[in-house]
Amino acid sequence: MTATLQIRNLTVSLRGTDVLRDLSFDVGPGKVVGLVGESGAGKSMIGRVLAGALPDGFAVTRGTATFAGQDLTALPPAARRALLGGRVTFIPQEPLTALNPLLTIGDQFSEYLGRLSIPRAARRDIILSALEQVDLPNPAQMIARYPFQLSGGQNQRVLIAMAFVSDPALVVADEPTTALDVSTQMSVVSLIRRFNRDSSTGLIFITHDLRLAAHVCDEIVVLYAGEVVERGPSSRVMASPRHPYTRSLRGSIPEMSGPLHRLIPLADSMPGIGAFAAMPGCRFAGRCPVADPTCAARPPAPMELGEGHMVRCTPACLEGAAALTPEPLPPVPEPNGAPILRIEGLSKRFAPRRGLWGQVRDPGVLAVDAADLVVRPGEFVGVVGESGSGKSTLARLIMGLETPSAGRILVGDTDVTQASRAARDTRLQTLQMIFQDPQSALNPRRSVERLITQGLEASGAPDRPARARALMKDTGLSADLARRFPSELSGGQKQRVNIARALCVVPRLLVADEIVSGLDVSVQAQILNLLMRLRDDLGIALVLISHDLGVVRYLCSRVCVMQNGKIVEQGGVSDVFSNPQHAYTRALLAAIPPDDAADTWPPATTKDPAHDAA
Amino acid sequence: MSVIHRLMHPRIIIGGGIVALFALAALLAPVLPLRDPASQALLYSLLPPAWAPGGNPAYLLGTDSLGRDVLAHLVYGARTALYVAVLAATGAMLLGTTLALLAGYFGGWIDWLVARAVDTWMSFPPVVLALILLVGFGAGINNVVLAIIIVDWTRFARVIRSEVIVIRRRDYIAAARLSGFSHLRTLVSEVLPATLPLILTLFSLEMGIAVIVEATLSFVGLSVESNVPAWGVMIADARVYIYQTPWGVMLPVLAIFSLVLAFNLLGDGLRAALDPKLRQRGGVAP
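Those sequence lines, one after another, are chains A and B. Read in order, the letters of the first sequence correspond to residues 1 to 614 in my numbering. Read in order, the letters of the second sequence correspond to residues 1 to 286 in my numbering.
Keep in mind that the hints were calculated from the coordinates and are not lab data. Glycine included, every Cβ here is placed at the ideal spot set by N, Cα and C. Among the hints, erroneous ones may be present.
To be verified - Sample of chain B residues with no beta-carbon within 10 Å of chain A, all distances over it, derived:
| id | residue |
| --- | --- |
| 1 | Tyr44 |
| 2 | Leu178 |
| 3 | Val228 |
Stated by the list, open to error - Label-pair distances were calculated between CB atoms; the ranges are:
| id | chain 1 | residue 1 | chain 2 | residue 2 | range |
| --- | --- | --- | --- | --- | --- |
| 4 | B | Met250 | A | Arg483 | 51 to 57 Å |
| 5 | A | Arg483 | B | Leu60 | 50 to 56 Å |
| 6 | B | Ser162 | A | Arg483 | 55 to 61 Å |
| 7 | B | Leu131 | A | Arg349 | 48 to 54 Å |
| 8 | B | Leu131 | A | Asp56 | 49 to 55 Å |
| 9 | A | Gly272 | B | Arg116 | 46 to 52 Å |
| 10 | B | Trp109 | A | Ser405 | 19 to 25 Å |
| 11 | A | Gly272 | B | Met250 | 56 to 62 Å |
| 12 | A | Gln359 | B | Leu184 | 46 to 52 Å |
Bound conformation, chain A alone (with noise of 0.2 Å):
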């Protein structure tokens, strides 16, 4: 059988520097290749260099792309597209930036199947049926539409939709369920899947997510810095990855089940495409827990190891690799001591909003329904749900962001519900909060020095330099960042900023809001473990808003699961993940793939689009 798509020693330059080195794989028919890495490691620069739209300055300089016998990088643009057509189709990361928001869904498909020369008469009939097989719920109403009207996965069931409508024999998935809450991911998963394996579509599924990808995928393809490290069977890959940059990658994701081990994160983050120039050697080299001065020196040759399991690594840093284990983590202490922060009935009703003649402009929504929550020192206690669920209000009430509509919240005996000068006070002293995006939440124009000793500014005390190199320290980030913008930093380093910040007026209890949710998942690892060191060092307690239950399994001891605004379910951790009560609590569980790739997932009987309506 031959392949569908075959690529080879392919190389793509950016002004003299190789931005993705000697790529190889193949897809086979209905096969689906997983290309994992994370930001900035060129996984989507393939799809660029199938459609032929690769950014100025950047060009294929070595190997081939073979599609259908010929080779698509040696093609002119206008055979490029006749070659390609509707033979291979693109599934995007953003449903509803892909989608022009001022057609129909009915006008855009049959716009793209115009495009496809189908006549205009035939089309009606093809967009129903086509819609119909993505399991939307009354297509001939979805085609006059727009979509804006319809969820993030509903969107996406369209592009699904459309990429599979003619029939094509490669789909390029990039990232297409990153944007989209966990319960609609597997139900976008398990439709691609189904696509792919009733017809002979080959697969390019392109995801940051190892995990999720050893469940879609059939061989998965390991990229770092534009380069193959390790390739195999996805079973092999998962269970028993062999590169030092896979192992950390496997090790950097939380369990979700059996015993929890402590993460191991990566120095640093990935090197930019700038840096790649004074990187002859393998360019994980300088954050590879076992390299040695040669690695540095001339790129490893690929290295096969049977079953088409490839790395491309030394046989002595193999060894070393396999040597580093993880350790398994200590028992949380049972929290104790008098509760910081009390929330007793916390409701937050958005009015309604009405127009000059009282019509309504916005019907208000209950955010926050009755919510109770204690927390006590040093006790770390996660609150998930998918997005709407209420838990960044539930965050902002707690902060004194938005004005509670009903209920109570007490930190230590002082009811602070009430905005007065001393509750102010005595709220900012004891809580503060590390923002979910800390490009928003750093100022651009303050130092780091500046940013972290903020809470020091209003009171005026004097030694603030002296307090930011304490607090820099606490936080793992170097001393010479001191004079640095948020804007010469890595997201990890604005992570770290944007937490010691937060430690600045030493505060007993933390309310994080999805503060890793933009991290890649070597540098979420390290901001994991840093709050972890916070709590044995500094004995502090953390409430973490969450939507990634990996990551409060990982972190906290009692948790609270929220959906439309209420919490439905409150517990130890290991109690609601191995025995969930609440019927949405299995739902969420049951939506993240499982660590073993042998066990199946999506679970086949997943058909259920209602879970993704608006």
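Given chain A, put chain B in place with the hints provided.
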């Protein structure tokens, strides 16, 4: 890239250079070797510039109908123009920015009030509104400044308000509040600096507008007294003799044109150099 480096934009250099030239001439007018703009030499009235046929080297840019030196008039006219430009733009900036900061930051009824006021204001034709105000206040250069402030604060208020609304939603504003900052402190130390590039740009554009409005009003005699040199007055006086000596109209028009163009170039350049959104567009590929 450093701020200095970014400011080396051709528009900023050309625009800023011309503005600086006018400003320098205006400031140094009393010490420059110029004739007294008020002294009349009726024997030498309506002379063309020195290089034109019939010109007199003693009057470099010629004379007007009363034999007054045009060059001296232009330079002293620049004093009037820039006086109005600086004061009016500063006043409009202070008023507009303050209201915009309060409206955008606090929202609610303050915002409603400011937004409606801006809407109402902007539905009047600006020059007509200025004329009506001057009729009420009476003529005079300081009343011109006042009229421009009252008419044009909306330009600042409208644009800066929408910018503040965007900045207000950034988490670093919430973070500042959680650092114990009062509302005033948050506004001054976190919100205001983020709007400075925009304010600077609008300020430069507003100076250009003020120059035109002043010229218009002095043309109809509502600005300076007739013995004070102003470009609008020069045009009004020379209008009668436009067929004999077109220079009398052309030269002040040219002065207005180049100063306003310079302000616009400067404003445009500042926007390109300081606006992060425009800056990124020229950035390197990922």
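Outcome of the hint check:
no.: 1; hint: Tyr44; in the structure: holds (59 Å)
no.: 2; hint: Leu178; in the structure: violated (6 Å)
no.: 3; hint: Val228; in the structure: holds (44 Å)
no.: 4; hint: B:Met250 / A:Arg483: 51 to 57 Å; in the structure: holds (55 Å)
no.: 5; hint: A:Arg483 / B:Leu60: 50 to 56 Å; in the structure: holds (54 Å)
no.: 6; hint: B:Ser162 / A:Arg483: 55 to 61 Å; in the structure: violated (33 Å)
no.: 7; hint: B:Leu131 / A:Arg349: 48 to 54 Å; in the structure: holds (51 Å)
no.: 8; hint: B:Leu131 / A:Asp56: 49 to 55 Å; in the structure: holds (53 Å)
no.: 9; hint: A:Gly272 / B:Arg116: 46 to 52 Å; in the structure: holds (49 Å)
no.: 10; hint: B:Trp109 / A:Ser405: 19 to 25 Å; in the structure: holds (20 Å)
no.: 11; hint: A:Gly272 / B:Met250: 56 to 62 Å; in the structure: holds (57 Å)
no.: 12; hint: A:Gln359 / B:Leu184: 46 to 52 Å; in the structure: violated (37 Å)
Against the hints set out earlier in the document, violations occur for numbers 2, 6, 12.
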